[in-house]
Each structure stands twice: as structure tokens, then as C-alpha cells.
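Residue numbers (this note's numbering), protein chains in the order written: chain A, 1499 to 1640; chain B, 1499 to 1640; chain C, 380 to 487; chain D, 380 to 487.
The hints are simulated quantities; they were obtained by calculation from the structure and are not laboratory data.
Incorrect hints may appear among the rest.
[Unchecked claim] Using 25 Å as the maximum straight-line C-alpha spacing, the simulated PhoX-like pairs for lysine-lysine come out as follows:
no.	chain 1	residue 1	chain 2	residue 2
1	A	K1530	B	K1516
2	D	K446	D	K386
3	C	K396	A	K1530
4	B	K1616	A	K1584
5	A	K1637	B	K1626
6	B	K1530	A	K1516
7	B	K1530	A	K1567
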Amino acid sequence: MNSTANFQVDVVIPTQTKYLHLIGSIGEHIGKDLEDFSGDRNALAYHLNLVLTEATTNAIKHANSEDPKDTVRINIDIQEQELIIKVYDHGQGFDLETIPNPDFDQLNESGMGLFFIKTLMDSVTYTKSGDCNVLEIRKLLI
Amino acid sequence: MNSTANFQVDVVIPTQTKYLHLIGSIGEHIGKDLEDFSGDRNALAYHLNLVLTEATTNAIKHANSEDPKDTVRINIDIQEQELIIKVYDHGQGFDLETIPNPDFDQLNESGMGLFFIKTLMDSVTYTKSGDCNVLEIRKLLI
Amino acid sequence: MIVTEEKTNGFSALFVKEERIDAHNSAELKNYILHMIEQGKVNIIVQLEHVRFVDSSGLGALLSGFKHAEAKSGRLALSNLQPQVLSMFELTRLNRVFEIQTDLQDFF
Amino acid sequence: MIVTEEKTNGFSALFVKEERIDAHNSAELKNYILHMIEQGKVNIIVQLEHVRFVDSSGLGALLSGFKHAEAKSGRLALSNLQPQVLSMFELTRLNRVFEIQTDLQDFF
Ligand SMILES: Nc1ncnc2c1ncn2[C@@H]1O[C@H](COP(=O)(O)OP(=O)(O)O)[C@@H](O)[C@H]1O
Ligand SMILES: Nc1ncnc2c1ncn2[C@@H]1O[C@H](COP(=O)(O)OP(=O)(O)O)[C@@H](O)[C@H]1O
């Protein structure tokens, strides 16, 4: 039997930054539990913590619909060879292609979140899905 | 605005004890985030960690259908006044009413899990639900 | 399960270096203690300073060690419990079974 | 955000006592540092020994402090970074911006 069987986590949180710790920790634990991953599991754990934190922060900060009952949904699907994170927001959306990488010679206080996500994971897309937007992040586990 | 808005966590794990840490930690974080809870939030965090760990352990150990692809689903629903945990298993089930409290004068190595759940939470039921069983645990947050 | 063992004043001190004891690692702790007792180390103090969380199977592992040590006229005691871990012993009244000290040194 | 401040050799050492800096508490860290600079404490070493996790907003808070200290002819440096936290500075090449020492004492 494969020691890292498929599993799923689905979380719906209010748009409040106090929940970032919960979301990040879930990513950290998942990384540490992926016993079949041949790379550095502690690094993977940190990276999943970071990527989930950054993606959720963006959904809270940039896509807040001003409705105090607005929520962010985070879905994590761990398959044998791949981990798929989906973060759903109810904001006005944005065009991922137009966001440039940070200028490393003159770094800015902000604008590093998507850079981390793109650098540490294998693919990232942002699309409309029904009445919300979904940031989909994939990481190969082989 | 209520600072502890409603939120939900839904996790599906393989029947392996290595995932207990993840499930327990989620409970611990939720407890610490419940800013409206008037009682001791650190104690609540420990209790949710414990109750989720015990309930998931039972679903893994006593209800394992021998199928390596068997899973346990854990659902946590945080509402304004109440927290509801549901743990779904695919085993043969059991009758919660027939399980006695531990004999404190002659304690046994096992049989303390349900005692913790009943003592620390406000209500517990175990019922059939479709093709699975569900242990439902409620804790008032007022 | 990370544990270390030390011999002090005729006792074997067992330091549990895990933050969490649950059904994933409690069988290992139980077997470790039973193995110590089989080797003739029947007076054991389990030092729990690092343990932030223990579930019913963890309590069960310690209770099993207690009973086996007693059966060989030894004893198994506990030290350095974090407050929330101690409260698990109180809820199950296991604090009346185990001798529990604030610090390992308090046994001597 | 739990921080403590110490005056050493003309520097203000700021000890961050949180395990995690993210968008929930980074604004507080940023404002704390800016307030120090406004008070004339323009030479700051941020001691990060306790910090196990930092996100982009945490890096941004430190960078903001760095820029403000520099604008007042001071400097903001860092010490005691855990390896994974250091790797965040390397990924963004912020390790070329900040002076980073293994230990607070290494500055003196
Ligand atoms: N979910 C989102 N909805 C709307 N805009 C977003 C979203 N995520 C990112 N953006 C846009 O992309 C930009 C870059 O994001 P990021 O790299 O995470 O840095 P930062 O959030 O610090 O600006 C943001 O400033 C914002 O304009
Ligand atoms: N999900 C379950 N499916 C079947 N039986 C269960 C389940 N949960 C608990 N039980 C039964 O209830 C008993 C008591 O459970 P518990 O108090 O948690 O102690 P322990 O698991 O240590 O025996 C178990 O031994 C088992 O027979």
C-alpha cells in the first residue's frame, strides 16, 4: 500500500487574517506527512505553509467584497503524484499574467506573494469559476 | 461584526494514525481563534485537539473496513454559539449507550477515549447515516 | 518516538522528547517502557517536560508501564508535567495512581 | 506581537518573540519599528531567533524598517535567523540588502 494515500482538506473561513495561522499550519502538517516525497519534507512543509498563507492573504486583502459575511474557501487535494491547492474568492478578480515579478534591484515592501507561489510551486492559474474566482496551484510530488 | 464568524473545516484522511496530528492541530488552532469564547481558550484548544484525536482514532481503529483505501471524514462546523464535530466512519458501528464509563478505581489501559469526549463536550451521539456511521459532538460556545 | 534514558540514584529516568503522544506513537512508548522493565529497570521516572499533548492511548501506555513495574515490585513515577497534560491525569483520577513530582530532582 | 527591546553598544536590539510573522501581525511589527525610528533609535538589530515562519508581508515590514532607518542615516540589521527563514531572504535576494549575522554578538 502506498503510504501517502489520497486525502482532502476543505476549509471555509471568514475574510480575517487571524485564520492565516490555521491555514498555514494545515499546509505545514500536510508537507510533513507526505512520506513518499523524495525531496526535503521540511522545506516542502514550509513552502506549503507559505503558499497557502500568501494565497489566502490575497483572497482576504485584494478580493474582500466588503461584506462582513464574505468567506474564502481553501481546498487542498493530495493525490499520489500531485498536490492541488484551490483558493476561491468573491472579489472582482485580476489578470495573473499582468503581474510582473518583483524588481530585485529595488525591492518593494509588497508584491512578493505571487512570486513565492510561482517560484515554489509547479503551476499557477487564476480563473473565473461560477460566481467566484479560483487561484489554482499545483505541486508535483515525485 | 461578530469577531468569530461562522466557518467550516472538512477533512478526508486515509485510516492512518499519522494524520491524527494534523486533525488535532486543526482543533487546537480553532480553539485559539475563538475570540468570543468567554472561557479559557487554551483549555478549549487542548480539549478540541483531544476530542478530535480520540474520535478520529476510534474511527481508524475500531471501524477500519480492512480496505486500504478506506477513509475517515471529519467535519467541523463553527457557528456563533456552537461548535459541531462530525466524524464519519465506514465500520460496523456500535451502540454508544452500552459503553460504560471507565472504572476509576481500577483503571484500564483503554476505554478512556469516549469518556474524554463525553466529559469535555456538551453532547455526543452515534448514528447511522447512509452508508456510514457518524459520531456527532457538540460544544456550546457561550 | 524520541526518548533518552539516564541512570540517577538507582532510578532510570526516561525523557520523552516528543511534543505529542497519541495513538500514532503511544504503542512505541509502551513497548519501550516494557522493554526497560524486562531488562530489570523496574524503578522508572518518566520525565514529560517536552510533552504538550497526551491522549487516552498515551495515558494507557504510562498506566501499562506502571502496572508492569508494580508487578515486579518496582514503581513508575512521573515528573515535569505541563499543566494541561496534568489536567488529563486529574480528569481520569490517574493522579491518584501515579506519584507525580514537579521536577525530576524532587524524587531525591 | 510580542517584542522586547534592549539597548546594546549604541544599537537597539529588537527581539521578536513570535513564532510566526504573517499578514495578521506584520503591520504591528512594521509600526513598532517605525515608531522606534521616529524616537531616534535609527540603529536597530532585529533578533529573529524565535521566528520559525515569515511570509512576504513580514519581509516587507522589515524592508520598510530598513528603508526608514537608512533615510535617517541609520541601519537595520538582522540576527539569529532560522535556516528556513533565511531561505526566504535568499529567494528574494533580500540577503544582499540586509546585513545578517548568525548571532547578535557578532555585530560587536
Ligand atoms: N485574489 C486576488 N484578487 C484580486 N487581486 C489580486 C489577488 N491576488 C493578487 N492580486 C493582485 O496581485 C498583486 C500582487 O500580489 P502579491 O504578489 O501577492 O503581492 P501583494 O499582495 O503584496 O501586493 C496584488 O497587489 C493585487 O493587485
Ligand atoms: N467508531 C467506532 N466504531 C466502532 N466501535 C467503536 C467506535 N468508537 C468507539 N467504539 C467502541 O467503544 C469502545 C470504547 O472506546 P473508547 O472509549 O474510545 O476507548 P478505546 O478506544 O481505548 O477502547 C471501543 O473499545 C470500541 O469497542
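Results of checking the hints against the structure:
1. Between A/K1530 and B/K1516, the direct Cα distance comes to roughly 10 Å. Compliance with the 25 Å bound is thereby established for this hinted pair.
2. Proximity of D/K446 to D/K386 is assessed by CA-CA distance (about 21 Å); at most 25 Å being required, the pair is judged to hold.
3. For the given pair, C/K396 sits about 18 Å from A/K1530 by alpha-carbon distance, which is consistent with the 25 Å threshold.
4. Between B/K1616 and A/K1584 the alpha-carbon distance is near 36 Å, which puts this suggested pair outside the 25 Å criterion.
5. With a C-alpha separation of about 37 Å, the suggested pairing of A/K1637 with B/K1626 is violated against the 25 Å cut-off.
6. Simply put, B/K1530 and A/K1516 have alpha-carbon atoms about 10 Å apart, close enough for the 25 Å limit, and the pair holds.
7. Taking the CA atoms of B/K1530 and A/K1567, the gap is near 21 Å; set against the 25 Å cutoff, the hint holds.
Of the numbered hints given earlier, the model fails hints 4, 5; all others are met.
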